[in-house]
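S.K.: So the sequences go chain by chain: L and W. Quick note on numbering: the first sequence equals residues 576 to 975 in this note's numbering. Quick note on numbering: the second sequence equals residues 576 to 975 in this note's numbering.
One or more of the hints may lead you astray.
Any copy, or any two copies together, can satisfy a pair, since identical chains are not distinguished.
List time: in silico EDC-like cross-link candidates among lysine to aspartate or glutamate, alpha-carbon distance up to 20 Å [said to hold, decoys possible]:
| no. | residue 1 | residue 2 |
| --- | --- | --- |
| 1 | K626 | D609 |
| 2 | K585 | E637 |
| 3 | K703 | D678 |
| 4 | K955 | E965 |
| 5 | K819 | E724 |
| 6 | K626 | D848 |
| 7 | K626 | E860 |
| 8 | K761 | E750 |
| 9 | K819 | E577 |
Hints were generated in silico from the structure; no laboratory data involved. Small disclaimer: the values here were computed from a predicted structure and weren't measured.
2 protein chains.
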Amino acid sequence: MEMPASPIRKLVPFADAAKKRGINVYHLNIGQPDIETPPSILKAVRDCDIKVLEYSHSAGNESYRKKLVEYYQRNDIHVNPSEIIITTGGSEAILFGFMACLDAGDEVIIPEPFYANYNGFAIQAGVKVVPIRSSIESGFSLPPIADFEKAITSKTKAIVVCNPNNPTGYLYSHEEMDTLKDIVLKHQLFLFADEAYREFCYEGHHTSAMHLKGAEQHVVLMDTISKRYSACGGRIGAFVTKNKTVLDAAMKFAQARLSPPFYAQVLGEAAVDLPGNYFDTTKAEYKLRRDTLISRLNEIPGVFCPNPGGAFYAMAQLPIDDCDRFAQWLLESFSYEGSTIMVAPATGFYSTPGLGTQEVRLAYVLHVEAIHKAVDCLKKALEIYPGRREPATKKSAALS
Amino acid sequence: MEMPASPIRKLVPFADAAKKRGINVYHLNIGQPDIETPPSILKAVRDCDIKVLEYSHSAGNESYRKKLVEYYQRNDIHVNPSEIIITTGGSEAILFGFMACLDAGDEVIIPEPFYANYNGFAIQAGVKVVPIRSSIESGFSLPPIADFEKAITSKTKAIVVCNPNNPTGYLYSHEEMDTLKDIVLKHQLFLFADEAYREFCYEGHHTSAMHLKGAEQHVVLMDTISKRYSACGGRIGAFVTKNKTVLDAAMKFAQARLSPPFYAQVLGEAAVDLPGNYFDTTKAEYKLRRDTLISRLNEIPGVFCPNPGGAFYAMAQLPIDDCDRFAQWLLESFSYEGSTIMVAPATGFYSTPGLGTQEVRLAYVLHVEAIHKAVDCLKKALEIYPGRREPATKKSAALS
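Whenever a hint applies, use it, and build me the whole structure from the sequences.
M.R.: Here is the structure:
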């Protein structure tokens with residue numbers, strides 16, 4: 576009963592009903608990229624010549640872990656194969672981190688809004704999530720250090736940082752990452768770093784938690800190939816840390832579930848050999864989409880959307896009474912030129928009740944023309960939505 | 576710290592060292608079949624023509640769930656696709672069952688010896704395992720009903736039955752399954768049924784927990800394709816129940832981890848179309864191995880091994896002081912004609928300290944000639960092992 580239902584998937588029956596009525600639905604609600612999976616890595620799976628589909632090593636195939644070392648090196652992250660456990664998606668890496676580092680009753684601090692499934696993994700581990708607020712007015716930058724200090728108790732064992740952020744798209748600066756380092760060192764906490772969107776940075780440089788000198792024993796990297804190579808269905812991620820005690824503990828969870836899936840490890844291994852410019856093309860495409868989406872959104876009266884520095888999400892403030900009601904209304908009662916849009920209500924990303932009611936998360940995982948049409952829909956919808964309410968925070972004030 | 580290390584994998588470094596010394600190791604320790612994965616299902620993956628490796632539905636691809644309905648129907652198990660959640664191996668199905676049906680502090684009764692990883696999943700769910708003993712003298716049949724009654728408290732919420740059993744190979748009779756039904760109905764418990772080895776029955780008929788009339792709302796089937804199609808590395812299993820509340824709860828865990836791996840679902844779907852005689856060939860091979868292993872073992876002075884009715888494991892009683900010490904000694908200090916064997920010490924499968932010290936689990940996952948050579952090794956080893964101790968239970972008494 577404690578386990579939360581997915582806040583995004585709740586709307587799926589309404590979307591299905593809309594489609595049955597013949598309405599085209601623009602899916603801005605989920606982080607499923609439409610970018611093609613690189614053909615060379617799909618081919619690696621097709622070329623896979625095995626006689627017996629055996630268990631992998633519980634930490635993943637050694638050849639893959641060795642290859643990943645090269646990938647991390649290119650990102651200035653220096654680890655050896657024994658510091659990597661291949662996981663079933665980033666999801667399992669997060670679960671292993673919570674299970675291996677925290678006891679039941681411990682607390683983990685997460686700036687909100689945050690990736691909703693952290694709640695589910697925390698509940699599985701019996702851990703309490705303590706949110707501290709990052710606000711749309713400041714573009715979702717790191718909350719002030721005083722807010723962390725206020726939230727820390729004797730039960731606090733870790734902080735989660737998702738960089739670039741899902742759902743806000745915010746890219747934490749080197750200074751902000753340094754602030755986090757100071758906090759975890761001062762209070763002897765773990766820093767759980769979810770860097771699923773590492774490559775998708777459009778302004779400035781990505782600072783990995785693994786770059787933080789002196790915090791090596793505190794950092795646990797929770798990684799995934801899902802977004803990086805448009806390979807969400809493979810279910811391959813990685814749990815990476817230089818802390819031997821944590822590695823040993825995580826390995827016990829890895830052994831209990833025997834091994835990560837074989838085929839997608841082959842795919843992940845091939846991905847490390849993609850040409851050096853692979854991300855340039857993908858990034859350019861995402862940047863174009865972001866620029867289109869953000870500028871179009873901010874032209875709509877009453878809408879405010881900070882410019883996200885990374886990932887492929889934007890959090891927009893809308894002139895609405897309640898984002899859950901609005902999202903459902905879009906699917907149930909609205910269409911424009913035969914189409915409507917599906918958005919992720921922001922309430923699902925906030926842990927504090929009442930926050931995010933006028934915000935939605937938009938994933939720019941559609942091509943530019945579709946984004947234009949989707950924003951056209953949103954604009955029309957806001958003109959006629961019966962629950963229109965101007966946000967308390969004025970757009971002009973926030974943008975200044 | 577509470578999480579147990581894998582009792583089997585602890586010995587791996589000793590096996591690696593033996594191999595480095597040039598010694599051939601017969602692996603009777605793990606359930607990794609050497610049977611080839613059916614080429615047609617490997618081909619289904621190679622033929623997989625996708626552009627984007629997308630997330631599956633959290634419950635698994637609908638086409639696969641529909642196909643699985645056919646598979647279950649052939650086994651006289653009548654479910655619909657919405658009663659199936661595809662999982663990442665049987666491991667995840669077990670974890671979902673523990674997480675979805677039990678609260679922290681609840682108790683689950685499991686006849687020991689049992690599959691060691693149940694302990695790990697129980698710890699992750701904060702659940703207490705209460706073992707009741709099945710003994711080698713009775714061939715590991717179901718413990719008497721009085722033992723269940725004695726173990727049941729107000730905290731007891733479920734019983735786990737693994738049928739055919741890992742590690743004992745015991746095949747529960749229809750009468751024994753009926754006894755379990757009576758207990759779960761009387762005390763309103765869940766019956767978690769691990770039927771990974773359903774097809775591998777050499778004596779009589781398999782009774783699925785899903786066959787138990789009147790217990791439909793109590794039974795949760797935890798299934799896997801790993802052993803069935805020699806596809807352990809795919810990591811595909813299934814969580815099956817007709818209890819809607821349990822399904823809804825399990826779906827929340829399924830949604831938190833997004834989806835099961837894509838490729839092995841394609842493989843699993845193809846497997847349902849294997850020719851009707853597929854299992855005949857595999858079963859005949861396993862039966863030959865079992866017959867060879869068991870008869871050879873019982874010829875060795877001081878060794879007793881009940882004839883297992885299913886799976887591909889046998890639990891043997893040996894004239895030794897301590898199975899952990901013996902297993903390590905086999906790898907460290909023994910060889911015969913350049914070879915040694917690796918066995919799984921039975922202590923890892925017992926929850927009660929002190930039980931199983933004179934037992935080992937042997938997996939007959941090697942071809943018959945290798946089994947002969949492996950038993951030759953074991954026979955020689957027992958002749959010279961310095962810690963030889965006759966078992967308290969005499970073989971003749973047990974066999975009578």
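S.K.: Would you mind marking each hint as holding or not holding in the structure?
M.R.: So, going through the hints one by one against the coordinates:
1. In the homo-oligomer, the alpha carbons of K626 and D609 lie at most 20 Å apart only across protomers (9 Å), although the nearest pairing inside one protomer, at 33 Å, exceeds that limit.
2. For the homomeric pair K585 and E637, the shortest alpha-carbon distance between copies (18 Å) is at most 20 Å, but the shortest distance inside one copy (40 Å) is not.
3. Within a single copy, K703 and D678 get their C-alpha atoms as close as 10 Å, and across copies as close as 16 Å, so both meet the 20 Å cut-off.
4. In the homo-oligomer, the alpha carbons of K955 and E965 lie at most 20 Å apart inside one protomer (16 Å), although the nearest pairing across protomers, at 85 Å, exceeds that limit.
5. In the homo-oligomer, the alpha carbons of K819 and E724 never lie at most 20 Å apart, since the shortest distance is 28 Å inside one protomer and 44 Å across protomers.
6. In this assembly of identical chains, the alpha carbons of K626 and D848 lie at most 20 Å apart only when taken from different copies (19 Å versus 25 Å within one copy).
7. Taking the closest pair of Cα atoms, K626 and E860 come within 20 Å of each other only across two copies (17 Å); inside a single copy the shortest separation is 40 Å, beyond that limit.
8. In this assembly of identical chains, K761 and E750 lie within 20 Å of each other by CA distance solely inside one copy; the values are 16 Å within and 63 Å between copies.
9. Taking identical chains as interchangeable, the C-alpha atoms of K819 and E577 lie at most 20 Å apart only when they sit on different chains, with a minimum of 17 Å there against 33 Å within one chain.
In this structure, only the earlier hint numbered 5 is contradicted, and the remaining ones agree with it.
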